[in-house]
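Asker: Knowing the structure of chain A, use the given hints to seat chain B on it.
Each chain, written out:
2 protein chains.
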Amino acid sequence: MSKGEETRERILDRAFLLAGRDGFDGLTIGALADELKMSKSGLFAHFGSKEELQVAVLDLASSRFTERVMIDAFKAPRGLPRLKRVFENWVEWGLDARMPGGCIFTQAHAELDDVDGRPREVLAESERVFQEALAKTVKLAVDEGHFKKGTDCEQFAFELEGIMKAMHMFSRLLRDRRAADRARTAFERLVTSHRS
Amino acid sequence: MSKGEETRERILDRAFLLAGRDGFDGLTIGALADELKMSKSGLFAHFGSKEELQVAVLDLASSRFTERVMIDAFKAPRGLPRLKRVFENWVEWGLDARMPGGCIFTQAHAELDDVDGRPREVLAESERVFQEALAKTVKLAVDEGHFKKGTDCEQFAFELEGIMKAMHMFSRLLRDRRAADRARTAFERLVTSHRS
Numbered sequence: 001m002s003k004g005e006e007t008r009e010r011i012l013d014r015a016f017l018l019a020g021r022d023g024f025d026g027l028t029i030g031a032l033a034d035e036l037k038m039s040k041s042g043l044f045a046h047f048g049s050k051e052e053l054q055v056a057v058l059d060l061a062s063s064r065f066t067e068r069v070m071i072d073a074f075k076a077p078r079g080l081p082r083l084k085r086v087f088e089n090w091v092e093w094g095l096d097a098r099m100p101g102g103c104i105f106t107q108a109h110a111e112l113d114d115v116d117g118r119p120r121e122v123l124a125e126s127e128r129v130f131q132e133a134l135a136k137t138v139k140l141a142v143d144e145g146h147f148k149k150g151t152d153c154e155q156f157a158f159e160l161e162g163i164m165k166a167m168h169m170f171s172r173l174l175r176d177r178r179a180a181d182r183a184r185t186a187f188e189r190l191v192t193s194h195r196s
Numbered sequence: 001m002s003k004g005e006e007t008r009e010r011i012l013d014r015a016f017l018l019a020g021r022d023g024f025d026g027l028t029i030g031a032l033a034d035e036l037k038m039s040k041s042g043l044f045a046h047f048g049s050k051e052e053l054q055v056a057v058l059d060l061a062s063s064r065f066t067e068r069v070m071i072d073a074f075k076a077p078r079g080l081p082r083l084k085r086v087f088e089n090w091v092e093w094g095l096d097a098r099m100p101g102g103c104i105f106t107q108a109h110a111e112l113d114d115v116d117g118r119p120r121e122v123l124a125e126s127e128r129v130f131q132e133a134l135a136k137t138v139k140l141a142v143d144e145g146h147f148k149k150g151t152d153c154e155q156f157a158f159e160l161e162g163i164m165k166a167m168h169m170f171s172r173l174l175r176d177r178r179a180a181d182r183a184r185t186a187f188e189r190l191v192t193s194h195r196s
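As they're listed, the protein sequences go chains A and B.
Read in the working numbering, the first sequence has 36 at position 36, and its numbers run on one by one without any break.
Read in the working numbering, the second sequence has 157 at position 157, and its numbers run on one by one without any break.
None of these hints come from the bench; they were simulated from the model.
Heads up, some of the hints might be wrong.
[Claimed, not checked] Cross-link-like lysine-lysine pairs, in silico, DSSO-like; alpha carbons within 30 Å at most:
1. B/LYS84 <-> A/LYS149
2. A/LYS84 <-> B/LYS3
3. B/LYS40 <-> A/LYS149
4. A/LYS37 <-> A/LYS75
5. B/LYS136 <-> B/LYS75
6. A/LYS148 <-> B/LYS149
7. B/LYS37 <-> B/LYS75
Next up, chain A with everything else stripped away, as it sits in the complex:
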């Protein structure tokens, strides 16, 4: 990595935390400059605008999520074992103490869903890609004979998304220590009702 790339990485790492804690709207070049004790003009050299900075953080979040939740799950055999691995990785991601605000996507979804612009587009596109990947993981469980034929894989992905969103609310807002267990119970029921 060149020096410039290293600096960019260090900036993005901090921006990722800042967005998780204070939201994407709070992620301004000025706030980030304060946080990093860098000049605003130095930051502008890396990111030309607040929007570009937000997009870079969303890209970083996507690549971290893909790495830790989806790619890691390829170590498990295709079908139900892999789906379970995706689920457990996702729970871990949502409860990760390194992310001060919990899942950064849940933050981004609520904040950016009604704000037209590039960040919204990038976020929606990454969510679509993720939902497709989830549905495909479920489809493999059908192909392997773990789930019933005719399982609606997109519907399964929708419901799984809901379980994770509920976990987020119970853990972050209600500070309920049973949040992850509730999510696991819900996932078990979801799996059981599709077993062949």
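Answerer: This is chain B only, laid out in the frame that chain A set:
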């Protein structure tokens, strides 16, 4: 209603829309004064601080939600019919075109969950009360013999919350027209798996 009460109501009505659209952090006395073409000092007479204004909007949201989703459902017979009515009311609430940002609570949850203070407390408390009311509605379905004995009513409420959060994301972020149908399918599955 006195003139003062009327003015307060009119202000809150607009503040409710503003918070739904721009978030609670964007709900400042200044922004609201601009929106209403009122003086900031006039607004301060009604709400002493941004925090107080946020709490008043959360209270208004709670009372509207309780009225339209929960109290309306008392018209349906206790048990499963009432639970279904709660669900349909909730879907309607979430898709209500009068709320420009969709469910205002989903907005508030993501935004306030990590910000210590009165608004967070008020929001968490109203969510706890709501989760209890939901669980009680499910419990009546057990008592009436519609659901199996031993149904975990709190778990049911958790999963129902998840379905609504997923619907919010699919409808707001992904602009997916099938969001409500997906929610209904998920609800049907949830109900079916608990039928006695």
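Asker: Hint by hint, note whether the structure agrees.
Answerer: Hint by hint, here is what the structure shows:
| no. | hint | result |
| --- | --- | --- |
| 1 | B/LYS84 <-> A/LYS149 | 29 Å, holds |
| 2 | A/LYS84 <-> B/LYS3 | 60 Å, violated |
| 3 | B/LYS40 <-> A/LYS149 | 62 Å, violated |
| 4 | A/LYS37 <-> A/LYS75 | 41 Å, violated |
| 5 | B/LYS136 <-> B/LYS75 | 16 Å, holds |
| 6 | A/LYS148 <-> B/LYS149 | 27 Å, holds |
| 7 | B/LYS37 <-> B/LYS75 | 41 Å, violated |
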